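J.: Residues per chain are reported as follows:
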Amino acid sequence: MMKFLPLVWAGLKRKKLRTVLTFLSIFIAFMLFAFLGALKAALSSGVSMAGLDRLIVRHKVSLIQTLPQSYKARIQGIAGVAAVCHQTWFGGIYQDPKNFFPNMPVEPVEFCAMFPEFVLNDAAKTAWLNTRTGAVVGRATAKRFQWKLGERIPLHAPIWGEPIGQSQWEFEIVGIFDGAKKATDTSQLFFRYDYFEEARQRDKGQVGWFTVRIANPDAAAKIAAAIDQEFANSPYETKTEPEGAFAQGFAQQIGDIGSIVMAVVGAVFFTILLVAGNTMIQSVRERTEELGVLKAIGFSNMLVLLLVLIESCCIATLGGCSGLGVAWLIIASGNPIPSLLPVFILPTQTLVSGAVLAVALGLVAGALPAWQAMRLRIAEALRRGA
Amino acid sequence: MSAPAQPLVSIRDVTRTFTRGSENVHVLTGIELLVNDGEFLALMGPSGSGKSTLLNLIGGLDRPTAGSVAIGEERVDKLSDRQLAAWRARHIGFVFQFYNLLPALNAERNVELPLLLTGLNKAARRRHVAAAFEAVGLTHRAKHFPRTLSGGEQQRVGIARAIVTDPTLLLCDEPTGDLDRKSGDEILSLLQSLNREHGKTIIMVTHDPHASARASRTVYLDKGQLSTTPTT
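Protein chains in written order, with our numbering: chain E, 5 to 390; chain L, -13 to 218.
The following block holds chain L by itself, in its conformation from the complex (with noise of 0.2 Å):
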């Protein structure tokens, strides 16, 4: 079976620039990347070499200084902040390097975080929940507080949390940055099965050639631009 060529992630020519003081620093430079639907994409970079920046702007949490961003049919960088919010609740499920969970919150509150922004009833969002811990094999942990979770299974609560309402794209950040190798490849494998069996189409952020090894497609990135090799 080949894979989905229809692209669901389009950048063109995005340029990311931060002022600091009076100082202009370009972290992107004329990216051009398509992401079809379905793919799990690598994107790897040294430190700094804007990898985050780029996430950062096909979730829709920060906007480029010139060029488009569209995610599907709809432009993320012409959406104001209420319809960017609306947007990644519908669209992006995030998992984060260091989990990102609240810890006042137990795994299952956490995982339906997200489900609180949309119409579901309790009974409902109990059952999307419940699926998404059976997605990430962690039901048994399911009402455990994150500081009682070893960090692998911290992830995997985090990745339910980015599942549970389906979204289009899954964004990881490092997800396996801030793990031992076993648990590491576990959240790989995880991430590889929510791709293949799921169709979920993900893109990972990641400096380690392990974990890119399992993407199906890895782009490099290196002081702003964007190549499919990596650079020495």
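Only chain E is shown next, with the shape it has when bound in the complex (with noise of 0.2 Å):
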């Protein structure tokens, strides 16, 4: 077939304004598509590196309601719970709002057993025990406000007021961690509880959410029911979930993000097909003549459709994939919107898809004029040209 590509490539050059525009057309809508891909895996990739045997007990009317820190030991007796850990949502800003990124108190212990996704040498975990006011934070963070360790860090938090005796927040970097996978969200900065839980003026004993690691996540829904019953009735009622399920009630704030995603894929993807389709068209209807004229010296029906198909596969690949590959050039170069966005990587996953469906939309909007193509006549065909 390789002898036959420069002929698919003289179909290609034969109009090159028109080629250049569809390829271009073709490369933007598959750069949205990438695009589109990392904002989808960063919003949900709280849900795609949720643990199958995490649960989160929060309380039942709102996540914004804290928990007893008493509840861990009751959790903690309850049958199938094999850790507890909680987390308090912080707030704490560094220098300017737009400088968002998550904050929370956590008992180190507990917490680096129940998340080896972040991963810290021990040298920091053992500074992190013995340094009071000591913080971990992920590398994008890090490396956003380029942080060393040893740094000493304010913020000022808002929900929680000024600590004791103190006119900020401080904390010293002693760790900083990063992710297992690439999709592990490293824009995080957690410090210890016992220095929150002192130092701060009010909701003592109070905390925002308790993780729990279950033996056997088969029986996940089972444990989740015995915990919320375990409460029922109390002032501080729970609702347990799968961490998965968590993550997407967060994630879906904002809106199905998968099924936004799809709908604007969707409509970009049928609007190109349309333009690659009808480029195909007039450019087969153009070369009639020279199609009557490759069938008369031998060339088969299907060699003619097949021509036709791979011309039109050629400019879907050729526009889908550096499309794609522009995208990911951008994307491996840095994350925009680290206050926004926690990860931005496009996954392997939206790549090959991407590839696939650059070449089924080459197929796609070849397959009329490839199959008028091979339908052609060629003593009409000739006389058309003539």
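None of these hints come from the bench; they were simulated from the model.
Careful: at least some of the hints might be erroneous.
Stated by the list, open to error - So the derived list for chain E, only partly shown, Cβ under 10 Å to chain L, looks like this:
1) L11
2) Y98
3) E294
4) L386
Predicted model only: the values in this text are computed from it and were never measured.
Quick reminder that beta carbons are idealized off the backbone N, C-alpha and C, glycines included.
Work from the hints to combine the two standalone chains into their complex.
T.: Written as structure tokens, this is what we have:
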């Protein structure tokens, strides 16, 4: 088939401007596809990285309602529960509200055991245990603010006010953690709960939510029901759900990302299909005589069909893969809005499905003109040319 | 030396009828024609007389409504579309009135086209293309694109494309119809030389008596009927 490629290339070169414009429309569409894929991945990273063996226990009414820290011991006592740790939304602001990143007080030992996806070296763990105001920060945020180990970071916390006896919350960076996977969120900062508990002025003994590791993921529903039952009819009733569902609910606060992305991508690709299909139909119609000549000199109907399909696939694949490639380069060069998107990566799955989509676009756009070219009667084609 | 007497083309009682709306148009009726191997036949007739239709039937571009078309031992009218395409690639070289070169390919690539259907490798294809260009005297223009060639040169490229696979039969549809007299004469001389020196069997459709004079035999077609003398 390789020997026919110059013929395919000649078909594409025939109307250079039209080919370039079609290429560009496909290029832009696939760039958009890649960026939407990255956006979807960013907003659903919590879901994809959620542990199957982890449950989240929060206040039944809302996530912003706190729970007593004493619940930890009671949860630990429920059958099937392997470990429990808690987190609390701190909402600390570094210098300016636009410098947003999540920050939370945690219990270091339990926390590190619960979340192995946050990779912290032993020296950092030890330093964290030895430093009361110590904090560990994810690589993305450390890089964003160029924080180094040992640096002291002041945070302003509108939710909690100033710490007792101090003018501001101040933490020493004792460790920088990486993600175990590419999609792990490394935008967060964690500091010690005991320091937070001692220094905060209100709601002492209260925490935001609990993360529970269960021994058997298949028993998740049963254990979740048991936890909620434990606290039923109390002033702090709970809602327990798998970590994935919790993250999904969190992401869907701004809408069903998957559906929005699918709707945008669907509309774009339908338009591009019309553009590419129209280009190929025009191209074949203009070449009626040439196709007649090819058939006259012995090109079979099937070969002519294949040549038109290959031509269509070439422009779709070149445009599509170039769009995906450029998007990949841009995305790989850094997160443009780290305050909004904790991770910004182009998932391999998006790249692969983009490439498959590009070939499919070529096949669908080229199907009708290829069929017309195949059915073309030679004598009629030559007569039309004359 | 007498011409070989073995018929290469045998057309027996061929009829071609087209349907236009509810009307049947009889373009060819009861055509009988034998063309010997090595012959240069001119097929003359006024516009609409069915010359090109007959040429299309001989070249396997169309099928007769009735009758038989045989080239050598092959009943062309019995072949499937796929078989016809393969048969055309092996046995027929077409020369068109308007050259019909692919504008996006240079002359060399245009001539190479029929060879893409063979099993020849690139080097062998190149050799065949060079030989074809030499035969038509256009080696120095091989890299040029059709738009930069004169009409006569384009037709030479067209002839090179037609002969590059060394076909059994060369079918020329008004090969000088779009050329001035001088260029037309050159093309006719070239066809004559291919016939005389290389033994190519040629059937040429023309309405130009000057062109038909170069052929070894002329037959006339008018209102779908064939005769050996022109109708008045």
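J.: Next step is simple, just say for each hint if it's right about the structure.
T.: Here is how each hint holds up against the structure:
no.	hint	result
1	L11	holds, 7 Å
2	Y98	violated, 61 Å
3	E294	holds, 5 Å
4	L386	holds, 7 Å
Going through the hint list in order, the structure does not satisfy hint 2, though it satisfies all others.
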